[in-house]
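We have chain S; now place chains V, W and E onto it with these hints.
Chains as they are written, first to last, in our numbering: chain S, 46 to 462; chain V, 5 to 93; chain W, 2 to 169; chain E, 9 to 957.
Check before you lean on any hint, since a few could be wrong.
[Unchecked claim] To give an idea of the chain W side of the interface with chain S (calculated C-beta under 10 angstroms), a few residues: (1) Arg5; (2) Ile6; (3) Trp7.
Simulated from the structure, these hints should not be mistaken for lab results. Note that CB positions come from ideal geometry on N, CA and C, so glycine has one too.
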Amino acid sequence: MTRYSALSLLSQGVRGHRGWRPAWAKTHRPKPAYDAVIVGGGGHGLATAYYLAKTHGLSRVAVLEKGWIGGGNTGRNTTAVRSNYFYPESVALYDLALRLYEGLSKELNYNIMLSQRGMLIAAHTPAQMEICARIANAMQLNGVDGHLMTAAEAKARIPLLNQTRDARFALMGGVWQGRAGVARHDAVAWGYARAASALGVDIIENCTVTGIETQAGAVCGVQTNLGPIRTGRLGLAAAGATPGLAAMVGASLPIHTYALQAFVSEPVKPMLDTVLLYLGTGTYVSQSDKGELVFGGGLDRVPTHGQRGNLPAQETVVSGLLEMFPAFAQLKLLRQWAGVVDVVPDSSPVIGPLGPKGMFVNCGWGTGGFKAIPAGGWLLAHLLATGTHHTISRPFDIDRFTTGRLIDEAAGSGIAH
Amino acid sequence: MQQFPCPFCGLREETEFHFAAEAGKPRPEPAAQVSADRWAAYLYLSAAPKGEAHEIWVHRSCGEFFLMTRNTETRAVLATQALPGRAGE
Amino acid sequence: MDDRIWTTQAPTPGTTLTLRQCTLECLPPQGAALMSGALDRALACLAPGAPLLGLLETQPATGPFALRIARDRALLCTAAPLGQQGWHDGWALSAADDAYVALHVSGPAAADLQAACMAPYQASPSAMVKFAGQYALLSRSATGFIARVEAAHSAEIVHYLQMVADNI
Amino acid sequence: MSGWRHPSMGHMIDRTSPISFSFDGTPLQGFQGDSVASALLAAGPRVLGRSFKYHRPRGLWGMAGEEPNAIFDVQEQGLGCPNQRATTLPLRAGMALRSVNTRPSAQGDWLGVMDWAQRFLPAGFYYKTFMALGWMRWEPMIRRMAGLGRLDPAHMPAATTPALNALCDLLVIGAGPAGLAAAKAAADQGRVVWLLDEATALGGSLRWRGGEINGAPWAEFANATETAVLQAGGRVLTDTTLWGAFDHGSYAAWQRRANAPDRHWRLRAQQVILAAGAIERPMWFANNDLPGILSAEAALHYLVLYGAVAGRRILLATGNDASYPVAAALAQAGAQVILADTRQQTPPAPQGVRHMPGATLSRAHGSRAVGAATVDGHYIDADTILVSGGYTPSVHLHCQAGGKLDWAPACDALVPRPGTAPMATVGAANGAFGLALALAQGHAAAQGAGPAPQATAPAWGLAAIRPNPQLRGRQWIDPQNDVTLKDVKLAAQEGYSAVEHLKRYTTLGMATDQGRSANFAGLAAMAALTGRSIAQTGTTTYRPPFVPVPLGVIGGLRRGSAFDPPKRLALEPQHREMGARLREYGGWLRPAFYGTDEARAVQSEALIARKTVGLYDASPLGKIEVIGPNAAALLDFCGYVPMSSLKPGRARYGFMLAESGIVHDDGVVLRLDTDRFVVSASSSHVASVRMILEEARQDRFASKDVFVHDITCNWCTLTASGPAARALLVQAGVLAPGSAAHALPHMGVIESQWQGAPLRLARVSFTGDCAFEISVPLRHASALYTALDAARTTLGGAWIGLEAVMILRAEKGYILVGKDTDGVTMPHDLGWSGPRSKRQDPYFGDRALFTAEAQRPDRRQLVGLVTPQHTPLPTGAHIVPNSGDLHSLGFVTSSYYSPFLGRPIALAMVNGGRDLMGETVGVFHLGERMQAQICAPCALDPKGERLNG
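Pulled out of the complex, with its shape left as it was, chain S reads as follows:
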C-alpha cells in the first residue's frame, strides 16, 4: 500500500500519478471459506472487517457487498458526527465512535476530513430549553462536552438565523457540543476499505447473499450469487436489508424501514460554520467544505425499501430551512436523494447475537448510523472475534425488547436522533 502523504502526492505528481495502486484490492471471486464473513460493505461492515483484522488478528475475513461499497446509507447521509445524547449507554456508544473518528484519518492514513465545528440543537420554548438543560447536564455527567448555550451566544455564532419578530420560532438557546461536526462520508468507507484490504481482507462487490446455511443451530456458511462460502462467523451490517437477511434463518427484528431524504444546495462561499438542528422545524443543516448546504429533516412517513423521496417531506424540510434562514431563499436545490433507514421503536441500534450460533447483527441505526460507524464496526468485530458482548454493546442487545429495558433517546430527551 502506497502511503498517502503530501510528500507522496508531490513525488507522484512529478511522475504523472502512475504509481498509485487501487485503494482496495478488487476480489472478484470469493474464497471457499473465511474465518468471518460480513454482509454489507457500508461503513459499519468495512469497519468491522478492519477491526477484526487489526485488533483481533483475524486474517481470513470477507466483506460481501451486493452493490458498490459505501453505496447505501454511508453515502446517503448529511455526514454529521456527534455524541450529544442523554442516556449513559448511548453516550458510551456514540462517544466511542467520536473518539475513534478523532484519530481515524491518521489510523487509516486516509483523510476523512473530520471537521469538529460544533453542533447546536436549538430550542424555542422554555420547555425545550429545560430539555436542553437536561441533555447538557447528562452529557457533562457522562464526561462529554455539553454546553447549555444562551440565545445571545447562539445568535453570535449563527448570525444568519431568522431573528425577525414574525419568525415562527424564536431562538432561546440550546445544547452545544463543540466536538461534534461533520466528516466526509465516502472517505470513511473508502478509508476503512483500503486499510482493511491492506490487512488482507477480501472486499467482494456485486456479491448478493441469497441464503444462510446452518448446521446444528450454528452458522456454517452463506449462499451467494458468486457461489457458496463457508464460515462459522457471520456478521450482518446491512441496514435496511437486515430484516430480509434475518428472515433467511427465521429471525425477526424490531425494524421498520423508511426513506430519509437529504438535500444539497448550490455551493456558496462560507456562511455557516456549525451543524444546526432546529427543534421547531425538525430541519438540520450544515455547509460542506465545497460550499453546499447539506440539510435534511424528518422521514418520509410511508414504510419503504425504495431509495426515493417524495414531495411532502421535501416541502416540509425546505420550508423549515427557509424559516430558520430566510436568506437561504436565494439558493437553489441542486441534489436530493434518499436512503432506506432501519428504524427501531426506541431509535437505538440492535447489536448482538441473533438466530443461529455464530451470527451477529449490527443494525437499527435509523437516521443516525453514519456518526456511529467506527463504534459499530469495533463492537461487531468484538462480537465476531470473541462471541460475547463488549460492555458498551451489551445494552443494545435485542433482548431489551423482551426485558423492556429500551434505550429511548427521543423519549428520554424529547429529541429524536
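Okay, now just chains V, W and E, sitting in the frame of chain S:
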C-alpha cells in the same frame, strides 16, 4: 407524492394516511398468560419485507382503519380492503 | 424571552373579505352536529329528505344537508342548533354547532385558491380532505366553494388564503 | 472580444430598447429581450468566470440548463443573489454581474496560479494529505477557496410561491416538434392537455433551426396547437420547468412569471409524454475548456434568436449532420466558417463554408481564450471553436420515474426502454433526431387520429465521438469542477471504477449543471478504460431536481405563522386586550401571563388564584365524546383506570397508556349519561387519543355500538379556581344559589343552560383548589367572558396565564405528561399502581406493565424536592449522589417558586425515589452541585381540604 385508496373514500394523497401496523398480528391475551417473548414479538418485531407487505393503515380524514397490500420497493399498491365487518356498513 | 408577534386574527363571523379576484365570506354560525352510526335513520329522524353530500358536492341553497365524513359519520348542517345529543338506538349525535367555521370563497380566483389548498380530487364519498394543511369539509356553492375548517384553525387558514390570493 | 451583434437577425430582441448592465464592474449594453448570456456573447468579454479548482478561465458554453461556466452573482436594486445562470436569466436594466470564484475579476484572477500546481492536485488529492496537523488546520483555507458565489446576508426573499395542484388527461413535457405534435393530436380529440416548456416560447429547437410542418412555417403549427389545447380546456405553460417525477404519477413543475411570483405546480395526469429534446455534447481535445469554445447548437440559438454571433473566424468541429445548418447560417450571417467533420462521408458543404471532411480537432490554442486550433496536424486560425460531439437525449424524467435505458447505436446514445416508466418518450429525447421523426413519434404517442404532421427534414447522420486517451494535453470532462480525462484515468487506476465511485471520487457531474456537460464523457471514458460497453458501465441515478430549483419555490408559502400553524383561542382578542403574552402550549397559542414583567406577573397571578380566584382559558382541553352501549367497555379497554364503574354525572381521573405501557396521556373522563362520556384529553394529545379510541373501536368492538366524536373545537372552556370560585360563578349568574349546580361536589358534572346557551359545568381541579370548568359553545364565549370578568373584578380575582397554572399544579404534585413524564414512565412510577395490581380484564398496555424492566424496584419515580435555597432548582438539573462519584440518578422535571408557600418547590423523577423520602441528594447543574431533600410530590394541602372551597 403517493396515493392510497381508502376503502371508503377512494384515492387520496399520502399525507392523509398514517401507517398503523403490519397486519396479521392478533393481540395476545390475557396478559397474565402471555410470555415476555410473545409480547415482545407482538409489540416490536416486524417483517419489514422488501416487496409485498400486508399492513394496516388509517385514513385520517375519515378515520377508517383498513388493510393494504403494497410493494414496499416499487411502492405499487396491490390491494386494499376494509377491516372485517366494516365494508357493509 | 423573545416572544414572536402573532398578527393573524380569526375572521369575524358574517364578514366578507375582498381578496384579489375573489371574495372570502366567513359564514355566520348556524346549526351543526356530528352524527354517527345508522346515518339514514338519523337523517330520517332529524332532517327528513336532507341530502348526504360527498366531496365538493353542491350544498342546497336552503334547508338542511349532511356532509359525509366517513362510512358511518357525517356532519349535519341545519339552520339552528338541534339538541338531541347522545345515543339514539343505532346512531349517536353530538352538537358541533360552533366546531367548524364555514369559509365561502367565490369569484374568478376561487378555483386557483382551491387548487392551492388541496389535491385535485375528482370525487369522493367523504367531504373531508386535507385543506391548507388541515382537515376540512369541502362543498360547493353556486358561486364557489365552501370549506368548513376547525374553528381553532380558521385564523391561520384565512391568512393562508389571503397569501395565496396575493401571489396567485 | 470576438462575439458581435448581427445588424438585422434576432427576433427576440427589441433594438429600440437598449439596456445597460455591468460585468465585473465594466459597463455593457444589451437589448430588451436579451438573455444575460446573449447580451454577453454579443457585447461582452469572453472570460466570464473561473473553474472551481485550478481557476482556469471559463467562457460561455451552452444555451440553457447545461451551462456550466457562465454563472454570476447578480446585484439588482441593492440586493444580491448568488449563482445565477446567464443562459436562463433574462437581461434587466441595471443588473450588476459579478463573476464567481475570481479574485478580483474573471479576467485577472490571481488564483489562476493554481493551474501551475495542477499536477499535484489530481482528483481526490485531499484524501491523501492534510492529515498531519489535522484537517481543521487546513479546512478554513480550503473552504474559502471553494464555493461559487456569495450569499447576500441582507437579502431575505419573501415567501411568495403558492403550490398549485392540478390534474389533466395528458401532460406533455417539452414543446418542441415532438411535444407539439403530441399535444395537438390529443387536444384535437378533446383531451385536456397541459403542455409545458422551459423556454419563453413554444417550438423548442424549431425556434432557431426553423422548418416547415404540413407545408407551412412551423409557427403556424405551434399556434394551431396552442389554440387546440386551450379550446379543449388544457393549458400551455412556457417558462415552466418540470423538475421532478415522483411516485404514483406525480410531478412537480416550476413556473416563472414576469412581474409576478413564481409558481410551484404539483401535477397529475392520466398519461405523460416526455419530449424534452436532447443536449449537445462537447468534444474532447486538448484545452477544450478555453473560453470561445461553444456548443454549435447554442451558437445557432444565439444567432437566430438574438442576433448574437459567436465569432468572426469560426472553426466548427463536428461528426453529425445537425451542424451543417449551423455552419450555413453563420456563414450567411457574415462569419468566416471552417467545418471540420470527423466523417469522410458527409452531406454537401454549405455555401461559403470551407469544408474539411474526415478531419479531427486535436487541440485548441490560446491562453485566456481561443486563438487557433490544430485539426489533423494543421494549425488553423480561429477566434471561436464551435463543437458538436453528438447529442444526449434528456431522459432524466423517464429515469426519475423509474425508467431504464438501452444503448442505441444508431443515435449513439442511451435511450428510454419502452414500458419501464409510466410515460412515453418521443422525439430527440428518445433518440429520434430529425423533424419528421419527432412529429411522427409525438403524434403516435398521443394516439393521434389520422396521419402525423408532415415534414421533409430527414433524420440526421452521425458518427460516435469519444474522449481519446492517447491524445496529448489536458481534456476537460467536467469544466466547472475541473475534472479531466486524466482524473478519470486515475480513478480507474485506483479502483474507483463503479460510476458512483467515479462521480464521488472525482466530483465528476456534481457541478451546478448536474453533469449535463460531463456525464456522458465520463461514462464513455470509464467504459473505454475498463473495457466495458457504455451500457455495462451504467449511469449514475437520476433524481429530482431536473434543474436546480429555487428553495423558495419548494418551500412555498409555509413560512412565519403559516409554518405548522398553532391553533387559536376564540377569546384571543379579549386576552390580548388584557395584555396577555401569548405562547405556544401543546399546539395552541395561549396566554402565558398578563402584563410585561413575566416574573412578577406569574407570581402575582399564582398568589391571587390561591387567595381569591383565578380565571384561565382551558378551551384547548380535549372534548372527545364516546357514545353508545359499548362506550364504557371501549374506555375500559383503552384506559388504565376503568370507567365503567363511573356514575353518570361524575368524573374520574385516568391515564391512557401506549401499548408499551408508557403513559401517553392523562386527564379526566366525564360520564354525562349511561352511554355518553367525554374524554378530556390534554390539548396536545387530542388527535392521538382519538386515534387510539378509533382503532380499538373498529378493530375490537362491534363498531356499530360505539362512536367517537372529537368536538374540542365546539367549546369555549373557562376555568375558575380558588376559594372564591363558587362566589364568582354565582355573581356571574352561572350558578344559582341553592341549585343542584351550586351544590355540585368535587368531580361532579352537570349540563344546564345559561342565558339560553348550553352550559356544562365540571368540578374538576388541576390546581388543588375548588375549581369549576365552565364550557359553552364558541358563539357564547364572549358573553361568558364578559360575565365572568365582571364578577372577577368585583371579587379581586385575576386572569392567570399558563405559567401561573404550572405553579399551582406543581404545588399539588400534579403532573404534566411529557414534562414530568417521559417515554419510559409507567403509571406505577407516578404512584398509580392500583389498576396494575388489580385489573384482570385486558386493557391497552397491560402486559407491558409486567416486563422485567417494569418490575424493577429502582425505576425512576415521581418525587418532590425541597431545597434550602431561596431560588428554585433549575429544571433539567440532574439528581446525583450527595457526595462522591457523579452520576445521574434522575432529573428535575418541574421547578418553581411558590408565592403561596413562600419557598421553592420542585418535582423530579428519581431512581427508586419513593424509597428515598427524607434523604438528601445532590443536584447537578452545569458543573455545580447543590443539595436537596426528597419529599412527597404534593407540597400543598396533602389532605385535599382546599378542594371543597
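Problem - Unmet hints by their number, sorted upward, for this structure - result: none
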